[in-house]
Amino acid sequence: MSKKDILVIDDNEIVLKSCKRILESENYSVTICSSATEGIEIIKKHKYDLIILDIVMPGCNGLTLSGKIKDDHPGTRVLIISGYMEPKPFSEIIKEEKMNFLSKPFTPEELLTAVSEIITAMPTNKGIN
Amino acid sequence: MNHNIRLYLIASLLGMTVMVGGISLFFGTYLINKAVISEAKNRICFDLNTALEMYSNVEKQINSCLSLTALEQGWGDCISNDNTQKMKNRLTDLAQILNLDFSGFVKNDRTTLCRQSRNTPNTPGSLINPVALLALESKSTVSGTFVLSHEEIKAEDPELAEFMKIKLINRSDDETQGLTEEMSCMIIAAAVPIYEDNLFLGVIYGGIVLNKSTEIVDRVRKTVFQNETFKGQNIGTVTIFLKNLRISTNVLTKEGVRAVGTQISEEVGRKVLIEGGSWIDRAFVVDDWNITAYKPIKDYHGSIEGVLSVGVIESKYLDFKRNTLLVFIAITAAGIIIAAVLGYVLSIFVLHPVYELIKISKKVSSGDLYPKMGKISKGEMGILQKTFMEMIVTLREQNIHQKEESEKRLIISEKQASVGRLAAGVAHEINNPLTGVLTFTHMLLRRKDLDSEMRSDLETIAKATDRVKVIVKGLLNFSRQIKLKPELSDINKEIKETINLIENQALVKRVFLCFDPGADIQKRTLDRSQFQSVIMNILINAIDATDPGGNITISTRYNLKTQNGKHREIEIIITDSGCGISPEQLDRLFDPFFTTKDVGKGTGLGLSVSLGIIEHHGGTISVKSQIGKGSSFIIHLPLDKKNE
Ligand SMILES: Nc1ncnc2c1ncn2[C@@H]1O[C@H](COP(=O)(O)OP(=O)(O)O)[C@@H](O)[C@H]1O
Ligand SMILES: [Mg+2]
Chain G
1 MSKKDILVID DNEIVLKSCK RILESENYSV TICSSATEGI EIIKKHKYDL
51 IILDIVMPGC NGLTLSGKIK DDHPGTRVLI ISGYMEPKPF SEIIKEEKMN
101 FLSKPFTPEE LLTAVSEIIT AMPTNKGIN
Chain E
1001 MNHNIRLYLI ASLLGMTVMV GGISLFFGTY LINKAVISEA KNRICFDLNT
1051 ALEMYSNVEK QINSCLSLTA LEQGWGDCIS NDNTQKMKNR LTDLAQILNL
1101 DFSGFVKNDR TTLCRQSRNT PNTPGSLINP VALLALESKS TVSGTFVLSH
1151 EEIKAEDPEL AEFMKIKLIN RSDDETQGLT EEMSCMIIAA AVPIYEDNLF
1201 LGVIYGGIVL NKSTEIVDRV RKTVFQNETF KGQNIGTVTI FLKNLRISTN
1251 VLTKEGVRAV GTQISEEVGR KVLIEGGSWI DRAFVVDDWN ITAYKPIKDY
1301 HGSIEGVLSV GVIESKYLDF KRNTLLVFIA ITAAGIIIAA VLGYVLSIFV
1351 LHPVYELIKI SKKVSSGDLY PKMGKISKGE MGILQKTFME MIVTLREQNI
1401 HQKEESEKRL IISEKQASVG RLAAGVAHEI NNPLTGVLTF THMLLRRKDL
1451 DSEMRSDLET IAKATDRVKV IVKGLLNFSR QIKLKPELSD INKEIKETIN
1501 LIENQALVKR VFLCFDPGAD IQKRTLDRSQ FQSVIMNILI NAIDATDPGG
1551 NITISTRYNL KTQNGKHREI EIIITDSGCG ISPEQLDRLF DPFFTTKDVG
1601 KGTGLGLSVS LGIIEHHGGT ISVKSQIGKG SSFIIHLPLD KKNE
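Taken in sequence, the protein lines are chains G and E. With the first letter of the first sequence counted as 1, position 104 gets the number 104 in the working numbering; the numbers rise by one all the way through. With the first letter of the second sequence counted as 1, position 278 gets the number 1278 in the working numbering; the numbers rise by one all the way through.
Wrong hints could be hidden among the right ones.
List of simulated lysine to aspartate or glutamate pairs, DMTMM-like, C-alpha gap at most 20 angstroms [to be verified]:
no. : chain 1 : residue 1 : chain 2 : residue 2
1   : E       : Lys1448   : G       : Glu24
2   : E       : Lys1463   : G       : Glu24
3   : G       : Lys44     : G       : Asp72
4   : E       : Lys1473   : G       : Glu26
5   : E       : Lys1165   : E       : Glu1151
6   : G       : Lys17     : E       : Glu1429
7   : E       : Lys1107   : E       : Asp1218
8   : E       : Lys1463   : G       : Glu109
9   : G       : Lys98     : E       : Asp1516
10  : E       : Lys1496   : E       : Asp1516
11  : G       : Lys68     : E       : Asp1640
12  : E       : Lys1254   : E       : Glu1275
13  : E       : Lys1139   : E       : Glu1053
14  : E       : Lys1509   : E       : Asp1640
15  : E       : Lys1448   : G       : Asp72
16  : E       : Lys1139   : E       : Asp1197
17  : G       : Lys68     : E       : Asp1197
18  : E       : Lys1473   : G       : Glu110
19  : E       : Lys1139   : E       : Glu1059
20  : E       : Lys1448   : G       : Glu26
21  : E       : Lys1601   : E       : Glu1405
Everything labelled a hint here was simulated from the structure, so no lab data went into it.
Bound-form chain G, shown alone (with noise of 0.2 angstroms):
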């Protein structure tokens, strides 16, 4: 089973730091990348199995970025994670996009799971097992 690549970007070093430490505990591939722009020109280097997306940052918020990976990267799952506990109008888009969300702060067991999740419920997962 190969390495599961996994790009984490918020504005928020601590975050950062944080998401690095857990997941690679895990065996994931983590990379970091702290806002918006920087992660858009990651994204077209390399292809990540799944984008943990904070949605308030600077210049850009991270539902748009969201939709532009959606169209973009069709095989990149997203993870929005947030400090404000799903403020209304964006849980209305998540629940309505059905995105994974999950709100600031988090354990690290509650990212494991959110990010296992994921990754198992993905179709090339399965088809590769």
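Dock chain E with the ligands against the given chain G, drawing on the hints supplied.
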């Protein structure tokens, strides 16, 4: 409409004067008519009495003069000496004084010794004068009115008798058609017995003939009417009738001669000659209407032989009546004109405050709540004006109250929003480090090489951090609870409602608000009160920035901006012609507590909270501004996903 009131006022005043004038004219005419006629009648009555008095004075005068003459000495001598000349002289003197037409002396043996008349110096005849005969028989004084036959007067003076004949001027309906001449003669005469040494010697007599005489009637007219004339005509006339025949008169015929020979009107004749009454009324005399009075003349024996009448030509009174009426009409007409003018002036006077009120109410309805009211009038108008002013004051208070209310609402929602935003901000900021703490604590706890003390310490950290997590979550829930009451709302309607709240403020500052709602704007889930507070905030800022006379326009529209090829966005554009915002200010515009307004007026929270609210609805606010030209705030609101 306004002019109608004035017209009504004048018309009613005019109508009233015309009515009052008409009524008084009507009754005035009636009263004047009555007064004039009754005055005329009164006067003619009085005049008739005077005439009668004068008439009887003639008789008395003859009587007393004859009596005096009878007392003179020497009548006996005259008789015994057959001195008729002396007798004659005496009679001539008498006749001259009394202007007698005839006189004479009859001896006790019934012989007429001497006759004296104007034309025939001495005409003794066999026929004794009937007046003298009466005195002879009664041996006492006899005086009065008598009617003598032609023969009898002829005995006195044949020439006179001839002259006294009166040709009847026949009327067509005259019953005495066959008769053409009146031969008998009316006289006033007296006969006085003469005694000497207690011996009855005879009587002297004398009289004046009334037929064709002018003396008495003219004298009476002169006395009674003072020869007053009206249009060249004597106003008064005096007439003596023998039976129904005018024998002595100053009534003139059309030809201008005395109307001797004409007759009394049948009606009057019946009343006066037959019934012996008097007559006072209008009467057609010869050929003119007169106001006349008639009284019978009784002869010595007491039988009605003639009529004395006086008359005043009616036209004099008619003229007087007409003049009076003219004056009356003139006064009424003047009254009407004065009423019209007065009505006009009054209407201006009365309506001026009304027009003033109309002007003021127009001002008020256009938003000026501080209109200048002119002088407060007295009475009801003043009450109306005062009440109106009170109404305006109430309106003003209400307006202020409303303004305060909406400001209060704004402040409350601003406060709520800022608390929520603060909470959200804090939560966001705390969540990130909290994630770190949670992560690394748990990672540490995974290690198997921890001694129990260290493990228990870490577990305490993890528990405490979990607790912080719960608190932050609670804080966020709390802020959400305040903030979000999303309902499916009509954006245009919300904006309209907000404008209604703020409109008066703009009107008072004379800033014109204009709303141009876009067509078919879809409903969207909104927190209505917060959305309204955003619009209100931006509007208030715009009003504050705009000088009187400026404009603020609000419009809504779709921006068919492609976002993932799908997203549609509503734009709410609020543009003012105010002072504008400099680029440096533009950078800090949405910062909390940034304000250029005086302390107490501006909090600097308005825009920052507004942005927060709009962002929570998934939108943004952008600003374009040019110093001195104005600013444009654009709220971008994405539509609900499900509506796309
Ligand atoms: N339409 C506008 N035109 C010019 N200046 C504006 C306008 N709207 C806002 N501003 C400026 O932005 C500042 C901040 O506005 P705001 O956040 O609503 O706070 P406040 O109104 O309490 O001052 C105002 O003090 C004013 O200087
Ligand atoms: Mg403000």
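Do the hints match the structure? See the list:
1. Using a Cα cut-off of 20 angstroms, the hinted pair E/Lys1448 and G/Glu24 holds, with the two alpha carbons roughly 18 angstroms apart.
2. For the hint linking E/Lys1463 to G/Glu24, the alpha-carbon distance of about 24 angstroms lies beyond 20 angstroms, and the restraint is violated.
3. With a C-alpha separation of about 9 angstroms, the suggested pair G/Lys44 and G/Asp72 falls inside the 20 angstroms cut-off, and the hint holds.
4. A hinted pair counts as satisfied when its Cα atoms are at most 20 angstroms apart, and E/Lys1473 with G/Glu26 does not qualify at roughly 28 angstroms.
5. For the hint pairing E/Lys1165 with E/Glu1151, the CA-to-CA distance comes to about 12 angstroms; that is within 20 angstroms, so the pair holds.
6. At roughly 16 angstroms between alpha-carbon atoms, G/Lys17 and E/Glu1429 fall within 20 angstroms of each other, so this suggested pair holds.
7. Straight-line distance between C-alpha atoms of E/Lys1107 and E/Asp1218 comes to about 36 angstroms, which puts the hinted pair past the 20 angstroms bound.
8. The hinted pair formed by E/Lys1463 and G/Glu109 meets the criterion: a straight-line CA distance of about 15 angstroms does not exceed 20 angstroms.
9. Our distance criterion of 20 angstroms between C-alpha atoms is broken by G/Lys98 and E/Asp1516, whose separation comes to about 38 angstroms.
10. Taking the CA atoms of E/Lys1496 and E/Asp1516, the gap is near 10 angstroms; set against the 20 angstroms cutoff, the hint holds.
11. Distance restraint check for G/Lys68 and E/Asp1640: the Cα-Cα separation of roughly 19 angstroms lies within the 20 angstroms cut-off, and the hinted pair is therefore satisfied.
12. Between E/Lys1254 and E/Glu1275 the alpha-carbon distance is near 31 angstroms, which puts this suggested pair outside the 20 angstroms criterion.
13. Among the hinted pairs, E/Lys1139 with E/Glu1053 is inconsistent with the structure: their alpha-carbon atoms are about 27 angstroms apart, more than 20 angstroms.
14. Under the criterion of a C-alpha separation no larger than 20 angstroms, the hint pairing E/Lys1509 with E/Asp1640 is inconsistent with the structure, at around 37 angstroms.
15. Taking the CA atoms of E/Lys1448 and G/Asp72, the gap is near 43 angstroms; set against the 20 angstroms cutoff, the hint is violated.
16. Taking the CA atoms of E/Lys1139 and E/Asp1197, the gap is about 15 angstroms. The hint holds against a cut of 20 angstroms.
17. In summary, the hint linking G/Lys68 to E/Asp1197 is not supported, as the alpha carbons are separated by about 181 angstroms, beyond the 20 angstroms threshold.
18. Taking the CA atoms of E/Lys1473 and G/Glu110, the gap is near 16 angstroms; set against the 20 angstroms cutoff, the hint holds.
19. Taking the CA atoms of E/Lys1139 and E/Glu1059, the gap is about 19 angstroms. The hint holds against a cut of 20 angstroms.
20. A C-alpha spacing of about 16 angstroms is found between E/Lys1448 and G/Glu26, which places the hinted pair at or below 20 angstroms, so the restraint holds.
21. Among the hinted pairs, E/Lys1601 with E/Glu1405 is consistent with the structure: their alpha-carbon atoms are about 16 angstroms apart, no more than 20 angstroms.
The structure fails hints 2, 4, 7, 9, 12, 13, 14, 15, 17 (numbered hints given earlier, in ascending order).
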